[in-house]
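Asks: Chain residues, written in single-letter form:
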Amino acid sequence: MNVINNIKFDMSTVCKLILSFFRLYLGAWMIVSGTSYWLHQWGYQPIFPQPFGSLADSSKLLITFVEVGLFDLVKTLEVVGGLMLVCNVFVPLGLVILFPISGMVFFNAIFLNQRYDGLLSVTYMGTATLYMNVILLLAYIRYYLPLLSLNASTGRLTDLKRIPEIFK
Amino acid sequence: MRILSILTGAIFVAWIAYGLHTNPRWTWSPGEGELPRDVVALYMDMVYEQGKEKEAKELFFLANTKDEVPAERLLPNGKTFTPEVIRVIAEGFNVAVHFSAEDANGAPVEYIEIYHVKGGRILSRERIVHRTGEPTTALSQQVAAPTGPNHE
Numbered sequence: 020m021n022v023i024n025n026i027k028f029d030m031s032t033v034c035k036l037i038l039s040f041f042r043l044y045l046g047a048w049m050i051v052s053g054t055s056y057w058l059h060q061w062g063y064q065p066i067f068p069q070p071f072g073s074l075a076d077s078s079k080l081l082i083t084f085v086e087v088g089l090f091d092l093v094k095t096l097e098v099v100g101g102l103m104l105v106c107n108v109f110v111p112l113g114l115v116i117l118f119p120i121s122g123m124v125f126f127n128a129i130f131l132n133q134r135y136d137g138l139l140s141v142t143y144m145g146t147a148t149l150y151m152n153v154i155l156l157l158a159y160i161r162y163y164l165p166l167l168s169l170n171a172s173t174g175r176l177t178d179l180k181r182i183p184e185i186f187k
Numbered sequence: 762m763r764i765l766s767i768l769t770g771a772i773f774v775a776w777i778a779y780g781l782h783t784n785p786r787w788t789w790s791p792g793e794g795e796l797p798r799d800v801v802a803l804y805m806d807m808v809y810e811q812g813k814e815k816e817a818k819e820l821f822f823l824a825n826t827k828d829e830v831p832a833e834r835l836l837p838n839g840k841t842f843t844p845e846v847i848r849v850i851a852e853g854f855n856v857a858v859h860f861s862a863e864d865a866n867g868a869p870v871e872y873i874e875i876y877h878v879k880g881g882r883i884l885s886r887e888r889i890v891h892r893t894g895e896p897t898t899a900l901s902q903q904v905a906a907p908t909g910p911n912h913e
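Residue numbers (the working numbering), protein chains in the order written: chain A, 20 to 187; chain B, 762 to 913.
There may be inaccurate statements among the hints.
Only some residues are given here: those of chain A computed to face chain B with a beta carbon under 7 Å [to be verified]:
# : residue
1 : TYR44
2 : ILE50
3 : GLN69
4 : VAL105
5 : ILE182
6 : PRO183
Derived Cβ-Cβ restraints for the label pairs, each shown as a range [claimed, not checked]:
# : chain 1 : residue 1 : chain 2 : residue 2 : range
7 : A       : THR32     : B       : LEU823    : 29 to 37 Å
8 : A       : ASP136    : B       : ARG763    : 35 to 43 Å
9 : A       : LEU36     : B       : GLN811    : 54 to 62 Å
Bear in mind the hints are in silico, worked out from the structure with no lab data behind them. Just so you know, even glycine gets a beta-carbon here, dropped at the ideal spot from N, CA and C.
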């Protein structure tokens, strides 16, 4: 109880709570989406039937993804990335893994299914996944700044010795 | 803190899963969530191989499904058969199945059935018939059109 009383509800705390909510909600949504697909693939009842688009181009994209096997990879990465976010481990990596998926979900929803009404909706997951993903990427930007180096040079083999640092 | 995160995440997973599972947009028909080509395969198996026309219609057709194939011509020789599938062409919602079967006289006939499938339901179906030895222009003859006594 003392812990709760000691929390100062200033702007920083509110922001952290919102970001934690986004991280957990995005992660949970990805886990559910990926798990539902694999349940169906393994012969169990899915959490929800996989939709294959409302319009022709959307269906072409999604069905082709399934037929060439790319959907297996997408749904696996959804589960992996989602678990990283929910378990709060390797979150920056999880966000990078989920970013292309969120981008494709957005592209499919807006450009292929023409759900323009979802652009400003915070509850439509076709767009909200990308919005949350981008906000979280910005929140964790300090981990990506080294990636954005203008003048990058190759390292040395000895850099591999630094790998254990990722677990700190 | 990590345990709290995992517990909260688990609650979110359960909440989202429940919301999606009970969403009224799902009909939970056997074809929903299946690829259109798989829906057609399920339908063809049920009708052509098992002869369950009525059940298949209930499960895979909608009330406004546009079916160009009259019920009495659904089975070419009047009984169940195993279609010899030559090829399947699928793009998006559209599936074309090219198969051969024997007609009532035991003559091999090639069929092309074109399905439009959405949400696990067949929205339209047309059938094109090609008899061996006839010019390929016969492909444009749909079964729904009246044909001669030796035809289907």
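Asks: Indicate whether the distance between the beta carbons of ASP136(A) and ARG763(B) respects the range 35 to 43 Å.
Replies: 38 Å, holds
Asks: Given PRO183(A) was flagged as interface, is its beta-carbon under 7 Å from a beta-carbon of chain B?
Replies: 19 Å, violated
Asks: Is it true that THR32(A) and LEU823(B) lie within 29 to 37 Å of each other by Cβ?
Replies: 53 Å, violated
Asks: Any CB of chain B closer than 7 Å to the CB of GLN69(A)?
Replies: 5 Å, holds
Asks: Should the interface hint for ILE50(A) be scored as holding, given a Cβ-Cβ cut-off of 7 Å against chain B?
Replies: Holds - the Cβ of ILE50(A) comes within 7 Å of chain B, reaching about 5 Å at its closest.
Asks: Quick check on VAL105(A) please, does its C-beta sit within 7 Å of some C-beta on chain B?
Replies: 3 Å, holds
Asks: Would you settle whether the hint for TYR44(A) is holds or violated, based on the nearest Cβ-Cβ distance to chain B being less than 7 Å?
Replies: 6 Å, holds
Asks: Can the suggested window of 54 to 62 Å be confirmed for the beta-carbon pair LEU36(A) and GLN811(B)?
Replies: With a Cβ separation near 57 Å, LEU36(A) and GLN811(B) satisfy 54 to 62 Å, so the hint holds.
Asks: Hey, does the ILE182(A) contact hint survive, CB to chain B under 7 Å?
Replies: Where the cut-off is 7 Å and the nearest Cβ of chain B is about 22 Å from ILE182(A), the hint is violated.
Checked against the numbered hints above, the structure violates hints 5, 6, 7; every other hint is satisfied.
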